[in-house]
Amino acid sequence: MHKFLDKNLSFFSSLCAIISGLIVGLIIMLITNPAEAFSAFFTILTGGLQEGLISISKMLYDAAPLILTGLSVGFSFKTGLFNIGAPGQLIIGAVVAIIVGVHFTFLGIFQWLVALIFAGICGALWAIIPGLLKAYRNVNEVVSTIMMNYIGLYLAVYLVKLVVYNREKNESLYVNANAVIPSLRLGNLTISFSFIIALLIIYIFHIILTRTVFGYELKAVGFNQHAAKYAGMNSKRNIVLSLVISGALAGLAGGVIYLNDIGRALEVVDVLPNEGYLGIPVALIGLNNPIGIFFAGLFMAYISLGGFYMQIYNFVPEIINVIISSIIYFSALVMLFRILLERLGKRRNVHG
Amino acid sequence: MDNLYFLLQQTLYFAIPLLIVALGGMFSERSGIVNIALEGIMLFGAFFGLLMVKYIQDMQGKEVLDNVSRQQLVLIVGLIIASLAGGIFSLLHAYASINMKANQVISGTALNLFAPALSIFIARSIPFTNYTQQVNFRGKAFLIKKVPVLGDIPFLGNILFQQVFITTFIGFLILILCYIIIYKTKFGLRLRACGEHPQAAASAGVSVMKMRYLGVIISGVLAGCGGYVFIVTTSTQYNATVSGYGFLALAVLIFGEWKPVRIFFASLFFGLMKTLASAYSGIPFLANLKLPSEFYRMIPFVATLIVLSVSAHKGEGPRALGEIYDPGKR
Chain A
198 MHKFLDKNLS FFSSLCAIIS GLIVGLIIML ITNPAEAFSA FFTILTGGLQ
248 EGLISISKML YDAAPLILTG LSVGFSFKTG LFNIGAPGQL IIGAVVAIIV
298 GVHFTFLGIF QWLVALIFAG ICGALWAIIP GLLKAYRNVN EVVSTIMMNY
348 IGLYLAVYLV KLVVYNREKN ESLYVNANAV IPSLRLGNLT ISFSFIIALL
398 IIYIFHIILT RTVFGYELKA VGFNQHAAKY AGMNSKRNIV LSLVISGALA
448 GLAGGVIYLN DIGRALEVVD VLPNEGYLGI PVALIGLNNP IGIFFAGLFM
498 AYISLGGFYM QIYNFVPEII NVIISSIIYF SALVMLFRIL LERLGKRRNV
548 HG
Chain B
12 MDNLYFLLQQ TLYFAIPLLI VALGGMFSER SGIVNIALEG IMLFGAFFGL
62 LMVKYIQDMQ GKEVLDNVSR QQLVLIVGLI IASLAGGIFS LLHAYASINM
112 KANQVISGTA LNLFAPALSI FIARSIPFTN YTQQVNFRGK AFLIKKVPVL
162 GDIPFLGNIL FQQVFITTFI GFLILILCYI IIYKTKFGLR LRACGEHPQA
212 AASAGVSVMK MRYLGVIISG VLAGCGGYVF IVTTSTQYNA TVSGYGFLAL
262 AVLIFGEWKP VRIFFASLFF GLMKTLASAY SGIPFLANLK LPSEFYRMIP
312 FVATLIVLSV SAHKGEGPRA LGEIYDPGKR
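Top to bottom, those sequences are chains A and B. Mapping of the first sequence onto the working numbering: residues 198 to 549, in sequence order. Mapping of the second sequence onto the working numbering: residues 12 to 341, in sequence order.
One should not assume that every hint holds.
Simulated DEER-style distance windows between Cβ atoms [stated by the list, open to error]:
#  : chain 1 : residue 1 : chain 2 : residue 2 : range
1  : A       : N471      : B       : M220      : 32 to 38 Å
2  : B       : S214      : A       : L397      : 50 to 56 Å
3  : B       : D77       : A       : N367      : 33 to 39 Å
4  : B       : R149      : A       : N367      : 24 to 30 Å
5  : A       : N367      : B       : V75       : 36 to 42 Å
6  : A       : H300      : B       : L188      : 51 to 57 Å
7  : B       : K221      : A       : V466      : 39 to 45 Å
8  : A       : I228      : B       : S289      : 36 to 42 Å
9  : B       : S214      : A       : I228      : 44 to 50 Å
10 : A       : N511      : B       : G293      : 44 to 50 Å
Here are the simulated EDC-like cross-link-like pairs (lysine to aspartate or glutamate), alpha carbons at most 20 Å apart as the crow flies [claimed, not checked]:
#  : chain 1 : residue 1 : chain 2 : residue 2
11 : A       : K358      : B       : E207
12 : B       : K112      : A       : E539
13 : B       : K195      : B       : E268
14 : A       : K255      : A       : D458
15 : B       : K270      : B       : E327
16 : B       : K270      : B       : E207
Just so you know, these hints were derived from the structure itself, not from any lab. C-beta atoms are modelled at their ideal positions from N, C-alpha and C, and glycine is treated no differently.
Let's have the full structure, built from the sequences with the hints guiding it.
Here it is in C-alpha cells:
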C-alpha cells in the first residue's frame, strides 16, 4: 500500500484537490439555495454531456485554449520557473492575431494560420524579457512576469484603440471570415482546428521532454540549476528558451480564443483575461505532464460548461470560478493530503 | 494654479490606497512570505466594507446623508469591516504558506481568483444588491470640502485639507505607525529577522511561525483597508474589480525596496502616473506630447522592471522571501 501511495501520491493529491474544490462549491450552493443545490451540483458534474454531441463540441472548443495555457505554465514549471505571465502573453497574442485577422485580408484562406503563427511569435517575444532578466540579472520571474502582464494589458488596449477599435461596443473589431479558425463537422460533432493544434502541441511537448537533449536539459535545470551548470549545460540559455516556448504557447492560446465567429472580441477594460490565469490550475491538476494537462484542460472546460447549464436552477455561474480557485488553493496543500493519505495507509496496514 | 491643486489632489486619492496596501505587503514580505494575493484581498475587503456602507446609507434619511461629519462615521465603520474581512481572508494564505509549506505563488493566485468569484456570486445571489454584481453607494457624501482653519493654509491647505477624504489622514497615520512598528519595536525587529534568516531568529527564541502569521494577517488587514479606500475615494460603485491595483501595490513595494518611507514616495510617483493617465490632456505641456493614456499607466510597471534589473543582483529585499521555512537548515 505504501509503495503504491508513494508512486501515485501526486495523482491522489490532485484528485483530492478536485474533490475538495467541488465540495467547497457544494457547501456554498447549499448555503445560498439548499432546495436546488443538489440538482444544480449534479448539472455541474454532468456539464459536458447535457446536450450530447453539441455539448461535447463546445467542451472541445473551450478546452483548446485552456490546454494551451496549461501547457504554457506546465512547460515553465518543468524548468523550475513559474510563468505567471501567461495572461500578458495571451493578451499580446490575442491583439496581434486580431490585427492580422482584421487587416491582412490579402492572405486569403491562410489568414487564420498566419494570425495564429504571429500570435505565437509575439507571445514568445513578450516572454523573452522576463527570460533574459531571470537569466542575466537574476530577477525573480514571478515579479517580472506580473509587471509584464500589466505592460502587456495597456499595450494591447492601446493597439486595439489604434487599429482595430469598435467604438460602439468599446471592444476590438470582429476578425475577417478567413481569419476564423476552421473546424471539422461530423454530424453534430464539431472539432475546431484549435483543438487539433492543441493535440499536436501536446505530442511535440511530449517528444521534446522525453526524446531530446534539450528537453533533458530543461528538466535538469529545473531539478537543480547549479548541478546542471556543473554538468556543462547552458542554464541561462535554457531558462530563456523555456520562458520563450511558454510564452509562445500562451500567445497561441490568445489567438485561438479571439479568432472566432461566435462574437467574442477583445474588450477594452482594465482586466486581464481569465483564461491566462486558468493555465495555472490546468498545469497543477495535470501534474505538469502533457497528457495530464490534456485531461485537466478537458475537465476544466467540462465543469465550466456545467456552470453554464446550471443557470436554469437560479444559480450564478460564477460558482464555477469559486470551485476552480478552491481547486487551485487545495492543490497548493499537497502536504495536507500527503499526511492524510499516509495516515489512511497506516491504518490499513494495521488492519491488514 | 487650480489645475495644479486638482492634479495633486487626484494624485493623493490614488496614492493613499497604494500606500496602505503596499505597506501591508511589506509586513508579509518582510516576514518572509510572498504575498501576490494583495489584489484579491483588496477586492474582498472592499466588497464587505461597501456592503456595510450601502446597508447603513440605505437606512439613512436625506439630512443624515448630507451631514458630512456623520458620514465620516459610516466611512470608518466600513473601513473596519473591510480591514477585518481582509485579515480573515488572508488567514487562508497564511495557513497554506506557513502550516502547509505550500507554494506561496499558487496560494496567492488562488486567493486572487477566489475573491472576485465569491463577491460576484454573493452579490448576484442576494436581493440587497438587486441581483447584480455591483454595489452602489454614495461616495460623494464622504468628501470633506474644506477642513476648518487648516484648509486656509496656503498651498498645503489646498492639497491636504480641501476636497479631501478622511482616509488620506488615516493613510498618513498608518505610514507613521508602520514606520515605528517595523523599525522601533521588538516586534518589528523580530519580524524582519524572520524574513532575513528565520533559523537565526528561531535560535534566538523567536517563533517564526507566529511572526509570519502576524505578518500575513497585518498585510491582509491593510490590503482590505486599502482596497476599500481605493473604491470609496475614486468611485461610487463597487464592480468586482480593483483594476490591477493590488499588483500595482506590489510594484510600489518592490520599487520602494520594502522600506516604508520609500514606499510612500513610490506610491506618490505611481499615483501621479495614474492621475496623468486620465488628466494629461488638461495639461498643455503633456497634451502637446500626444502620448496615449496607456503610456502613463505602463510607466510604474516599466520603472519597477528597470529598478529590479539594476538591483536584483545586489540582493535587495528580504533574503528568505518565499523560501519555505526549514528549522533544520543552517
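Results of checking the hints against the structure:
For the pair N471 of chain A and M220 of chain B, the beta carbons lie near 34 Å from each other, so the given range of 32 to 38 Å is met. About 55 Å separates the C-beta atoms of S214 of chain B and L397 of chain A, a value consistent with the hinted range of 50 to 56 Å. Checking the proposed 33 to 39 Å range against D77 of chain B and N367 of chain A shows it holds: the Cβ atoms sit about 35 Å from each other. The hinted window of 24 to 30 Å between R149 of chain B and N367 of chain A holds, with their beta carbons roughly 27 Å apart.
Under the hint 36 to 42 Å, the C-beta atoms of N367 of chain A and V75 of chain B, about 37 Å apart, fit the expected range. For H300 of chain A and L188 of chain B, the hinted distance range of 51 to 57 Å is satisfied, since their beta carbons lie about 55 Å from each other. For K221 of chain B paired with V466 of chain A, a C-beta distance near 41 Å keeps the hint of 39 to 45 Å intact. In this structure the hint that I228 of chain A and S289 of chain B lie 36 to 42 Å apart at CB holds, the actual value being about 40 Å.
Hint check: S214 of chain B to I228 of chain A, Cβ distance near 46 Å, so the stated range 44 to 50 Å holds. For the pair N511 of chain A and G293 of chain B, the supplied restraint of 44 to 50 Å holds, since their beta-carbon distance comes to about 47 Å. A C-alpha spacing of about 46 Å is found between K358 of chain A and E207 of chain B, which places the hinted pair above 20 Å, so the restraint is violated. Taking the CA atoms of K112 of chain B and E539 of chain A, the gap is about 17 Å. The hint holds against a cut of 20 Å.
For a cut-off of 20 Å, the pair hint linking K195 of chain B to E268 of chain B stands: about 19 Å separates their Cα positions. Using a Cα cut-off of 20 Å, the hinted pair K255 of chain A and D458 of chain A holds, with the two alpha carbons roughly 14 Å apart. Of the supplied pair hints, the one linking K270 of chain B and E327 of chain B holds, its CA atoms being roughly 11 Å apart against a limit of 20 Å. Between K270 of chain B and E207 of chain B the alpha-carbon distance is near 14 Å, which keeps this suggested pair within the 20 Å criterion.
Hint 11 from the list above is the single one not met by this structure.
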